[in-house]
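Go by the hints and put chain R onto chain G.
There are 2 protein chains.
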Amino acid sequence: MIDICLLGTGGMMPLHYRWLTALFVRYNGRNTLIDCGEGTQIALRKKGWSPKPVDVILFTHYHADHISGLPGMLLSMANADRTEPVHLYGPKGLARVVGSLRVITPDLPFELVCHELNEAVETFPYPGEEEMTVTAFRVSHSVTTYGYSLSLSRKGRFDPEAAAGLGLPKPMWGRLQHGETVEYEGKTYTPDLVMGDSRKGLKITYVTDTRPCPSIVENAAGSDLFICEGMYGEPDSEDKAREHRHMTFDEAAKLAANAGVKEMWLTHYSPSMTHPDQYMDRVKKIFPEAKAGKDGKSIVMRFDDEDEE
Amino acid sequence: MIDICLLGTGGMMPLHYRWLTALFVRYNGRNTLIDCGEGTQIALRKKGWSPKPVDVILFTHYHADHISGLPGMLLSMANADRTEPVHLYGPKGLARVVGSLRVITPDLPFELVCHELNEAVETFPYPGEEEMTVTAFRVSHSVTTYGYSLSLSRKGRFDPEAAAGLGLPKPMWGRLQHGETVEYEGKTYTPDLVMGDSRKGLKITYVTDTRPCPSIVENAAGSDLFICEGMYGEPDSEDKAREHRHMTFDEAAKLAANAGVKEMWLTHYSPSMTHPDQYMDRVKKIFPEAKAGKDGKSIVMRFDDEDEE
Chain G
1 MIDICLLGTG GMMPLHYRWL TALFVRYNGR NTLIDCGEGT QIALRKKGWS PKPVDVILFT
61 HYHADHISGL PGMLLSMANA DRTEPVHLYG PKGLARVVGS LRVITPDLPF ELVCHELNEA
121 VETFPYPGEE EMTVTAFRVS HSVTTYGYSL SLSRKGRFDP EAAAGLGLPK PMWGRLQHGE
181 TVEYEGKTYT PDLVMGDSRK GLKITYVTDT RPCPSIVENA AGSDLFICEG MYGEPDSEDK
241 AREHRHMTFD EAAKLAANAG VKEMWLTHYS PSMTHPDQYM DRVKKIFPEA KAGKDGKSIV
301 MRFDDEDEE
Chain R
1 MIDICLLGTG GMMPLHYRWL TALFVRYNGR NTLIDCGEGT QIALRKKGWS PKPVDVILFT
61 HYHADHISGL PGMLLSMANA DRTEPVHLYG PKGLARVVGS LRVITPDLPF ELVCHELNEA
121 VETFPYPGEE EMTVTAFRVS HSVTTYGYSL SLSRKGRFDP EAAAGLGLPK PMWGRLQHGE
181 TVEYEGKTYT PDLVMGDSRK GLKITYVTDT RPCPSIVENA AGSDLFICEG MYGEPDSEDK
241 AREHRHMTFD EAAKLAANAG VKEMWLTHYS PSMTHPDQYM DRVKKIFPEA KAGKDGKSIV
301 MRFDDEDEE
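Chains G and R, in that order, are what the protein sequence lines are.
Take the first sequence: its letter number 2 is residue 2 in my numbering, and every next letter is one higher.
Take the second sequence: its letter number 249 is residue 249 in my numbering, and every next letter is one higher.
Each hint should be verified, as a subset may be incorrect.
A pair counts as met if it fits within one copy or between any two copies, since identical chains are not told apart.
Straight-line alpha carbon distances no greater than 27 Å define the calculated DSS-like cross-link-like pairs of lysine-lysine that follow [as the list claims (entries may be wrong)]:
(1) Lys254 - Lys291
(2) Lys52 - Lys240
(3) Lys46 - Lys297
Rather than coming from a laboratory, the hints here were simulated on the basis of the structure.
A quick note: this is a predicted structure, and the numbers were derived from the prediction, not measured.
If we strip away everything but chain G, and leave its shape as in the complex, we get (with noise of 0.2 Å):
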């Protein structure tokens, strides 16, 4: 399973009823922030948890609203007392902009990992964690940015009468269904004999700051969660919408439709916006399972049959 949390919903500014949009993310006490504007520190401690376990975060972009809350997130996880290294992911530029941020917090006990983004697209694993890959995907606003996608793969099914059938002793069994390759008696068994195809995953596409474009659709396609900007709400908002890079309700709607999510949020709204609610029976229209997200919309997801076993 994986708990996710849309620390805010605030575009530009952040508002003493609205955070500045960010998204944790938790899985296996492993926790990843995406984006880091003035106040999540303050969104996060609300919600009850500590900025020390994050332990990745993930920038779409540099615009202030998206990192100003870096040095005193840092701070804080410092005052906590957090050592493991932190990796921070990012457009080209990433060591610059968080060097430059650091001159109000030079010293802290933890290592910070800036890896910098560079392709169209690039995937690579969750630090720690061999089941989640990241992608990465650039997208179209003012300045390079990036939308994520978090994706859990989950291996096939074990089946106890193929491992019975092999003839190998019963404490052996787990060490295969782990993916281990084990020896016994002279003989090789491959974790294949007794696992199933692997079974469908989770996919969360996180997605701001940007116009539609082919690469959301493309890399959003079957995402189980997919939150995604809607700066405007108000119909016939389009021509303000292209004229600051963002994106309308109505087009985000669009993109989820064409790329086959299950479900989702709105947010980054403007801060002109007070009733984001207001405008989503023309949006569900365009895609049903669209909801207006809010500071603090929590879920938590689970495998289709998770439950079961």
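The following block gives chain R in isolation, referenced to the frame of chain G:
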């Protein structure tokens, strides 16, 4: 009159129920901010004020909880179409620190004028307000840190009988009253001929992130309002205060008593202190006019007999 608002009262880290310590001072259409930690722009906006008209920002020092909100604040000022210059004051290194933080707000439609403080005590005129002077004085923290006094002078009372006795036409009286020297029928008339001795003005002193030290007593002397850090309220917390280069409530109250100030507000509370009020009975025994500052606590300060004019 001067309008004062303590925007936040927290130290170290911003909390959703307590913004980081910062002071907002409004006088004659000019607006001053002392310190700008993460979330200060939100506190300002919550109060119903825009960041646009901030003319001067005074920094006590460059620990993240006192300056981490600067990039977001500048961005919000830019988004509000500010074009007038903003004057920044702070310890040596100001231009370097501000320059580094601006990596995420490189383009601003207004000029930032950095004034670095080098001496133990520096007094300078407030930009554009001749009645107001600022005194910056070095205090005692783990890094170079300054306290600030804002002093508003007040001219003497105008004496209409003296003016009449000079034989000057009445339309010229106002020029003398406003400090101008006037020539009339070959004679020179100076303002002191019609103005009484200058009267008591107003003085506000702001001190945070320091141990008690003589410069605080010297420079806070006679303040109408003394805003002072009190990181720890619990009895017997002096060792902890000394270790972290901060103050207890009691130490702050002793400074207030020694400096002969009219009123003191405590601020910059440790995140572990949820109810500063509970320690105030003891503190008031040391200095009766001590108040526990609260986020948004405001006061309009007037000259002694200002309402009579």
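The hints, checked one at a time:
For the homomeric pair Lys254 and Lys291, the shortest alpha-carbon distance inside one copy (14 Å) is at most 27 Å, but the shortest distance between copies (56 Å) is not. Only between protomers do Lys52 and Lys240 lie at most 27 Å apart by alpha-carbon distance; the minimum there is 23 Å, versus 39 Å within a single protomer. Within a single copy, Lys46 and Lys297 get their C-alpha atoms as close as 13 Å, and across copies as close as 23 Å, so both meet the 27 Å cut-off.
The structure meets every hint from the earlier list without exception.
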